[in-house]
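K.L.:
When you get a sec, could you build the whole thing from the sequences and use the hints?
Chains A and L supply the protein sequences, listed in that same order. 218 is the number that this note's numbering gives to position 212 of the first sequence; each next residue is one higher, with no gaps. 26 is the number that this note's numbering gives to position 20 of the second sequence; each next residue is one higher, with no gaps.
Calculated directly from the structure, the hints in this document are not laboratory data. Glycine residues also receive a C-beta, built at the ideal position from the N, C-alpha and C atoms. Check the hints yourself; a few may be wrong.
As the list claims (entries may be wrong) - One side of the interface only, derived from the structure: several residues of chain A facing chain L at Cβ under 10 Å:
1. Val58
2. Lys179
3. Asp180
4. Ser250
5. Asp253
6. Ile263
7. Gln337
8. Met427
9. Thr430
10. Lys441
11. Thr455
12. Ala477
Unchecked claim - Listed next, the stretches of chain L that the computed footprint assigns to chain A, with coverage defined by at least 3 CB atoms under 8 Å from CB atoms of chain A:
13. 334-347
14. 399-406
15. 452-458
What the hints assert, rightly or not - Below, in silico cross-link-like pairs of lysine-lysine (DSBU-like), each with a Cα-Cα straight-line distance of 30 Å or less:
16. Lys414/L - Lys375/L
17. Lys354/L - Lys414/L
18. Lys196/L - Lys414/A
19. Lys196/L - Lys196/A
20. Lys414/L - Lys196/A
21. Lys375/A - Lys354/A
Below are the chains, spelled out letter by letter.
2 protein chains.
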Amino acid sequence: MTDAPPAPEAGSGTAAMRRAGLARLAALLGDRFATGQAVREQHANLTSWHPVQPPDAVVFPETTEEVAAIVRLCGQHGLPLIPFGVGSSLEAGCNAPFGGVSVDMGRMNAVLVVHEEDMDCVVQAGVTRNQLNAHLRDLGLFFPVDPGADATLGGMASTRASGTAAVRYGTMKDNVLALTVVMPDGSVRKTGTRARKSSAGYDITRLFVGAEGTLGIITELTVRLHGIPPAVTAAICSFPDLGSACDTVIMAIRLGIPVARVELLDEVQVRACNRHSGLGLAERPTLFLEFHGSEAGVREQAESFGEIVADHGGGSFAWAETTEARNRLWQARHEVYWACLELRPGSKFIATDVCVPISRLADCMVETKRDIEATGLVAPIVGHVGDGNFHVSVMGMVEDAEEMARIKAFIGRLNERAIAMDGTCTGEHGIGQGKQEYLLREHGDNVLTMRAIKAALDPHGVMNPGKVFVA
Amino acid sequence: MTDAPPAPEAGSGTAAMRRAGLARLAALLGDRFATGQAVREQHANLTSWHPVQPPDAVVFPETTEEVAAIVRLCGQHGLPLIPFGVGSSLEAGCNAPFGGVSVDMGRMNAVLVVHEEDMDCVVQAGVTRNQLNAHLRDLGLFFPVDPGADATLGGMASTRASGTAAVRYGTMKDNVLALTVVMPDGSVRKTGTRARKSSAGYDITRLFVGAEGTLGIITELTVRLHGIPPAVTAAICSFPDLGSACDTVIMAIRLGIPVARVELLDEVQVRACNRHSGLGLAERPTLFLEFHGSEAGVREQAESFGEIVADHGGGSFAWAETTEARNRLWQARHEVYWACLELRPGSKFIATDVCVPISRLADCMVETKRDIEATGLVAPIVGHVGDGNFHVSVMGMVEDAEEMARIKAFIGRLNERAIAMDGTCTGEHGIGQGKQEYLLREHGDNVLTMRAIKAALDPHGVMNPGKVFVA
Chain A
7 MTDAPPAPEA GSGTAAMRRA GLARLAALLG DRFATGQAVR EQHANLTSWH PVQPPDAVVF
67 PETTEEVAAI VRLCGQHGLP LIPFGVGSSL EAGCNAPFGG VSVDMGRMNA VLVVHEEDMD
127 CVVQAGVTRN QLNAHLRDLG LFFPVDPGAD ATLGGMASTR ASGTAAVRYG TMKDNVLALT
187 VVMPDGSVRK TGTRARKSSA GYDITRLFVG AEGTLGIITE LTVRLHGIPP AVTAAICSFP
247 DLGSACDTVI MAIRLGIPVA RVELLDEVQV RACNRHSGLG LAERPTLFLE FHGSEAGVRE
307 QAESFGEIVA DHGGGSFAWA ETTEARNRLW QARHEVYWAC LELRPGSKFI ATDVCVPISR
367 LADCMVETKR DIEATGLVAP IVGHVGDGNF HVSVMGMVED AEEMARIKAF IGRLNERAIA
427 MDGTCTGEHG IGQGKQEYLL REHGDNVLTM RAIKAALDPH GVMNPGKVFV A
Chain L
7 MTDAPPAPEA GSGTAAMRRA GLARLAALLG DRFATGQAVR EQHANLTSWH PVQPPDAVVF
67 PETTEEVAAI VRLCGQHGLP LIPFGVGSSL EAGCNAPFGG VSVDMGRMNA VLVVHEEDMD
127 CVVQAGVTRN QLNAHLRDLG LFFPVDPGAD ATLGGMASTR ASGTAAVRYG TMKDNVLALT
187 VVMPDGSVRK TGTRARKSSA GYDITRLFVG AEGTLGIITE LTVRLHGIPP AVTAAICSFP
247 DLGSACDTVI MAIRLGIPVA RVELLDEVQV RACNRHSGLG LAERPTLFLE FHGSEAGVRE
307 QAESFGEIVA DHGGGSFAWA ETTEARNRLW QARHEVYWAC LELRPGSKFI ATDVCVPISR
367 LADCMVETKR DIEATGLVAP IVGHVGDGNF HVSVMGMVED AEEMARIKAF IGRLNERAIA
427 MDGTCTGEHG IGQGKQEYLL REHGDNVLTM RAIKAALDPH GVMNPGKVFV A
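P.N.:
What follows is the structure in structure tokens.
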């Protein structure tokens with residue numbers, strides 16, 4: 007780690023320069039410029055254990071050109087810029103550790119055009135996932151990336167979001183065709199076309215997907231759509247242990263059963279869901295499944311999967327074809343958040359995720375459960391088991407410094423464990439402020455390549471400073 | 007285009023420096039260093055209309071550490087480096103316009119480890135596609151990216167190759183999990199892990215996929231594998247015109263029929279294939295299809311597809327379940343190259359490709375066919391129609407300067423046409439030396455982002471200079 011480029015300068019404006027910049031922004035944007043404490047705090051870390059670090063101001067642009075003007079002005083005044091979607095980042099990606107301007111994309115929420123035949127659409131970055139799917143429903147199309155929160159497409163691209171349907175439909179990496187981005191110098195660039203594939207030059211689209219706003223601000227996205235499947239079935243089954251649940255999924259994928267969703271809840275999570283939703287499920291590791299396809303296809307998928315379940319000692323394989331029955335089966339999965347909060351009244355939900363090769367998933371989960379017990383934590387586990395990604399929901403008393411220290415140490419060990427298994431310190435939450443040291447542990451000198459790109463494209467460090475990289 | 011970083015210096019060694027560098031390489035590598043004319047010419051452009059520009063020397067490294075030593079030494083002596091797989095680049099990616107050293111990866115051809123449960127494997131960059139699939143066959147696994155040529159995995163990653171199965175299994179972009187790369191300064195970096203997905207930092211893997219060796223040399227790849235499907239069926243059907251063939255495919259994809267391969271031959275190509283293989287097919291636009299899945303699944307896919315064919319005026323839908331019958335159906339497609347050469351004895355095969363949104367594919371192909379006629383060319387068309395990518399095989403007399411000028415002008419119009427339809431100037435062949443001006447036309451100022459990255463990672467322009475970017 008010898009030839010690291012200089013650390014970002016975080017905008018580097020003096021206090022007077024910054025004040026003058028904020029005054030110019032106020033003049034430019036009128037009532038779409040805000041500095042009230044409440045609005046600033048709503049544009050900081052909302053959803054994680056990190057301290058709340060509000061920006062100096064919040065702006066609400068309405069066009070790409072306006073974003074470009076804001077970025078140029080902030081650059082001239084050494085003001086950091088922090089892109090903001092709905093604030094659902096789980097690693098404090100929206101915090102403003104160096105102050106600056108939060109760029110709230112919420113008013114750029116137009117679905118610009120849907121190309122039905124090509125199954126793609128162009129949206130502004132502030133369009134949310136549910137908004138887009140409501141827009142598409144009558145066309146028989148949908149956008150499949152589902153990270154849980156009703157996040158904006160821009161935010162989802164920036165954290166390379168994925169979620170429950172990634173095993174079948176891919177992540178944001180796979181579903182973004184092109185972006186319009188405002189670069190750190192305020193220039194506007196289009197990174198791709200609507201062609202489904204291209205070998206024309208460097209993949210700048212994929213560079214911005216997952217860059218967490220540190221290289222520029224995404225203002226428009228062209229994304230792939232999928233046809234709403236003619237039939238959807240759901241299934242649920244429990245297992246004597248995590249290993250047999252994971253082995254079942256490994257075998258199903260190996261045999262090419264195109265599972266659309268496959269979620270694994272550990273027995274702690276099932277217990278929480280039973281308590282919350284009164285489901286009466288067996289308190290054992292449990293798979294929640296969804297199959298998409300033709301009528302005959304989903305039946306065949308469910309039956310084939312059921313055979314593999316039986317071979318692996320799974321029990322009570324139940325499947326449901328109607329929407330109502332399906333929703334009943336998936337109810338517990340959908341209510342995980344609330345069920346967790348009830349597990350330990352007064353606690354907060356501290357979410358963390360890792361991802362490992364699927365062959366190591368059971369080991370990683372079992373070791374992590376032992377660690378949870380030894381550390382004395384309340385922390386159910388839910389896994390997107392089809393791709394080796396799992397979440398630990400640590401229910402923590404965030405005011406208790408000793409407990410928080412134990413939780414942070416636990417999260418550290420979890421990351422180290424995943425990295426040691428040739429996995430990653432985050433499958434879908436991103437680095438933000440929370441995982442910078444683990445990015446280094448995972449990538450080693452490859453972080454130098456990332457920093458060289460950051461320095462080349464954002465030499466003054468105006469774009470979301472203090473994120474991704476250790477300052 | 008005002009703030010372009012300085013053009014690459016193409017190594018910038020003086021003649022004396024370079025001579026000294028070659029002498030040091032000879033000492034380092036012994037008989038794995040070659041300067042004979044024949045071997046140098048075999049390591050230049052082998053497959054396109056571009057002039058042959060051999061390197062000064064060819065080296066045959068056996069380890070990543072040896073590649074790193076070669077890169078460091080070449081850097082010290084201002085010698086350009088050109089990575090070489092099997093030389094099947096169609097845009098002269100292997101040429102050495104500034105001289106330098108061709109780094110032949112052919113001896114780094116070990117399959118290092120296959121992780122069956124995780125369905126991934128780690129290979130050296132010189133492993134070829136057929137070699138890998140032969141290695142995997144007994145495990146019931148395969149690597150799906152099939153660009154036609156028996157290319158190396160390193161070369162395929164570098165040009166973001168795809169081919170006939172991309173509509174179902176994705177391109178190299180989708181199937182590479184991690185890379186080991188030697189950077190332009192000779193440092194060795196690992197760009198990812200074996201986790202199926204990650205949100206940890208910038209996607210350096212995707213930056214190297216498609217960089218055509220201009221950012222470093224790929225020495226190892228971790229790639230995704232797929233289970234050999236239990237059943238494979240093939241089908242063939244002809245259409246009154248290109249539009250109805252394209253509409254059929256659009257509808258099938260819309261309905262979620264997971265077609266594994268779908269190739270469209272125009273009537274000129276069918277005529278050539280009939281003549282070469284004696285197939286007696288109707289000389290009309292023809293789809294060649296392959297379906298992968300369970301026994302019942304492939305039957306359902308073929309039947310559903312057949313119904314759509316009938317709805318669109320397609321005729322003589324024939325499908326085959328046995329390997330033998332399937333091979334017979336696909337024979338014509340496999341023999342396209344030879345069939346084309348027979349169309350015009352003495353001519354060479356000048357391959358070019360573009361990719362457009364699928365809704366524009368019929369228009370683009372029809373306009374291109376008119377252009378072919380008006381230009382007086384012999385040029386059959388084959389399309390990977392599932393993703394809007396098509397190839398024009400111009401059968402040209404490369405010694406005839408006037409004809410070559412007409413062919414180049416035709417290719418220029420083809421690129422402009424695709425770009426105007428929101429498509430790309432190359433779906434899978436890459437930029438190399440042939441499409442640099444169209445990269446600019448397609449990407450505009452986004453090329454500045456690419457050049458800034460090139461300048462940051464390879465400040466002395468040692469890596470494959472004269473490719474991708476206009477010098």
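K.L.:
Now tell me, hint by hint, if it's right for this structure.
P.N.:
Quick rundown of the hints versus the structure:
1. Val58: violated, 22 Å
2. Lys179: holds, 7 Å
3. Asp180: Nearest chain L Cβ about 6 Å off; hint holds.
4. Ser250: violated, 14 Å
5. Asp253: holds, 9 Å
6. Ile263: holds, 9 Å
7. Gln337: violated, 26 Å
8. Met427: OK, holds: Met427/A within 10 Å of chain L, min 9 Å.
9. Thr430: Nearest chain L Cβ about 4 Å off; hint holds.
10. Lys441: Where the cut-off is 10 Å and the nearest Cβ of chain L is about 7 Å from Lys441/A, the hint holds.
11. Thr455: Because about 5 Å separates Thr455/A from the closest Cβ in chain L, which is inside the 10 Å limit, the hint holds.
12. Ala477: violated, 15 Å
13. 334-347: violated (count 0)
14. 399-406: violated (count 0)
15. 452-458: holds (count 6)
16. Lys414/L - Lys375/L: Answer holds: Lys414/L to Lys375/L is near 16 Å, not above 30 Å.
17. Lys354/L - Lys414/L: holds, 14 Å
18. Lys196/L - Lys414/A: Satisfied, since the Cα-Cα distance of roughly 27 Å is no more than 30 Å.
19. Lys196/L - Lys196/A: Answer holds: Lys196/L to Lys196/A is near 29 Å, not above 30 Å.
20. Lys414/L - Lys196/A: holds, 27 Å
21. Lys375/A - Lys354/A: holds, 19 Å
Consistency note: the structure conflicts with the earlier hints numbered 1, 4, 7, 12, 13, 14.
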